[in-house]
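Residue numbers (my numbering), protein chains in the order written: chain A, 7 to 277; chain B, 0 to 104.
Mixed in with the good hints, there may be bad ones.
[Claimed, not checked] Only some residues are given here: those of chain B computed to face chain A with a beta carbon under 7 Å:
# : residue
1 : A17
2 : R39
3 : F43
4 : V51
5 : A54
6 : I55
7 : L71
8 : P86
Since the hints were made in silico from the structure, they are not lab data.
For glycine and all other residues, C-beta sits at the position ideal for the given N, C-alpha and C.
Letter by letter, the chains look like this.
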Amino acid sequence: MGHNGILNGPYMYEPKRPMDTYAAQAKFEAADTWLGFKQLLPLSFFVGAFGLAFGLAASQEGLSDGAIALMSALVFAGTSQFAALDMWGTQVPLVPLMITTFAINARHLLMGATLYPWLRYLPPVKRYGLMLFASDANWAMAMQGFYRGERALGILFGGGLAIWSCWMLGTGVGLYFGSAIEDPFSIGLDMVLGCFLLAMALGGRKDSRTLIIWFVAGSSAMLAYWWLPTNSHVVVGALSGGLLGAFWMEKKVPEKNEPANNKQEQEQDKR
Amino acid sequence: MNLATAGNGTLLIIIVMALVTLATRLGGVFVMSFIPFNQRVHQFITAMSGSVLIAILTPMAVNGDIGARAALLTTALTMLVLKKQLPAITAGVLAAALSRYFFVS
Numbered sequence: 007m008g009h010n011g012i013l014n015g016p017y018m019y020e021p022k023r024p025m026d027t028y029a030a031q032a033k034f035e036a037a038d039t040w041l042g043f044k045q046l047l048p049l050s051f052f053v054g055a056f057g058l059a060f061g062l063a064a065s066q067e068g069l070s071d072g073a074i075a076l077m078s079a080l081v082f083a084g085t086s087q088f089a090a091l092d093m094w095g096t097q098v099p100l101v102p103l104m105i106t107t108f109a110i111n112a113r114h115l116l117m118g119a120t121l122y123p124w125l126r127y128l129p130p131v132k133r134y135g136l137m138l139f140a141s142d143a144n145w146a147m148a149m150q151g152f153y154r155g156e157r158a159l160g161i162l163f164g165g166g167l168a169i170w171s172c173w174m175l176g177t178g179v180g181l182y183f184g185s186a187i188e189d190p191f192s193i194g195l196d197m198v199l200g201c202f203l204l205a206m207a208l209g210g211r212k213d214s215r216t217l218i219i220w221f222v223a224g225s226s227a228m229l230a231y232w233w234l235p236t237n238s239h240v241v242v243g244a245l246s247g248g249l250l251g252a253f254w255m256e257k258k259v260p261e262k263n264e265p266a267n268n269k270q271e272q273e274q275d276k277r
Numbered sequence: 000m001n002l003a004t005a006g007n008g009t010l011l012i013i014i015v016m017a018l019v020t021l022a023t024r025l026g027g028v029f030v031m032s033f034i035p036f037n038q039r040v041h042q043f044i045t046a047m048s049g050s051v052l053i054a055i056l057t058p059m060a061v062n063g064d065i066g067a068r069a070a071l072l073t074t075a076l077t078m079l080v081l082k083k084q085l086p087a088i089t090a091g092v093l094a095a096a097l098s099r100y101f102f103v104s
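The following block holds chain A by itself, in its conformation from the complex (with noise of 0.2 Å):
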């Protein structure tokens, strides 16, 4: 049994006995967090572009160098941080201020929901552990490696790892030489994080009943959009999939999937 079993993902999605499964994915080495680093680096540093945005505008908002730095490497969740400068003033109102976070970062809820039947081998500490560097990046690639049928819990926590010391590293940077990057949305890079997950999303399973899942997902979330409160999509377009998904029941798994799944792991392994 390999050590970097991210690349190798000897184990196969097996609905029959998913809890076996689970557990021999749940292994978490040391090893794991450097390859998911690694894995995770490239689109880092898209993110350490956000990071340089926000530390260009929360200076001119008058947040001073310390406060800036520390808001980004302890809170860690850039568009919270962007809507709390929004509210900066000689004054924050608290309550506000704490409904806003807890719904612009309530997907973190469902996140750690979704990687709950991996996570659940470990022991707590390291299993709340994990989840302090979650983050959308890291999250979505390491679900898609779990449902390709791999050990990614490095790629959770060494992703994470990656993003934030490249969120810090670009807050910094947005600190000093701010004015490098004038307008970040005129060159496209306001819509990193979207296109990232939407290539995430269409590299997983694509059968009818998921799309059928992501319909409702999608059309629930844009009626939230238009007719709820702010922020609220995101959670009520999961829920709403979810619910679906669990009362749908599913066919077992078509073996015609299979030799996908190893094509996928394959040009996984020349990158």
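Assemble the complex: chain A is given as a structure, and chain B must be docked to it using the hints.
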């Protein structure tokens, strides 16, 4: 209640934000540890993991500017043809930049 941004107020704001965000990172795992894990929960989780992505992306595509739409469309097409993430993301960002350059004054 308002927090002044002068003095220690900023530090307090950062700590509040950090704690709320931490609660969201740990909360999902914590709640799941009380729920019996069966086939239905398994399917709920599987369906939800894709739905999170779609729920983030749909308003971006529907309400986004021409750059956002071009970026997502290009990423989708590149991904379906090449099945590789980095080229798909790069092409998408490039499409956003180009379409904004040519179509947004």
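Are B/F43 and chain A close enough, Cβ to Cβ, to be under 7 Å, as the hint says? holds, 4 Å
When the nearest CB of chain A is found for B/P86, is that gap smaller than 7 Å? Not OK, violated: B/P86 not within 7 Å of chain A, min 9 Å.
Verify the interface restraint on B/A54: the C-beta must sit less than 7 Å from at least one C-beta of chain A. Holds, about 3 Å.
Against chain A, with CB atoms and a cut of 7 Å, does the hint on B/V51 hold up? holds, 4 Å
Does the closest beta carbon of chain A sit nearer than 7 Å to the beta carbon of B/L71? holds, 6 Å
How about B/I55: closest beta carbon in chain A under 7 Å, or not? holds, 6 Å
Answer holds if the nearest beta-carbon of chain A is closer than 7 Å to that of B/R39; otherwise answer violated. Interface hint status for B/R39: holds (5 Å vs cutoff 7 Å).
Against chain A, is B/A17 within 7 Å by beta-carbon distance? Result: holds, 4 Å to nearest chain A Cβ.
The structure fails to meet hint 8 from the earlier list, while all remaining hints are met.
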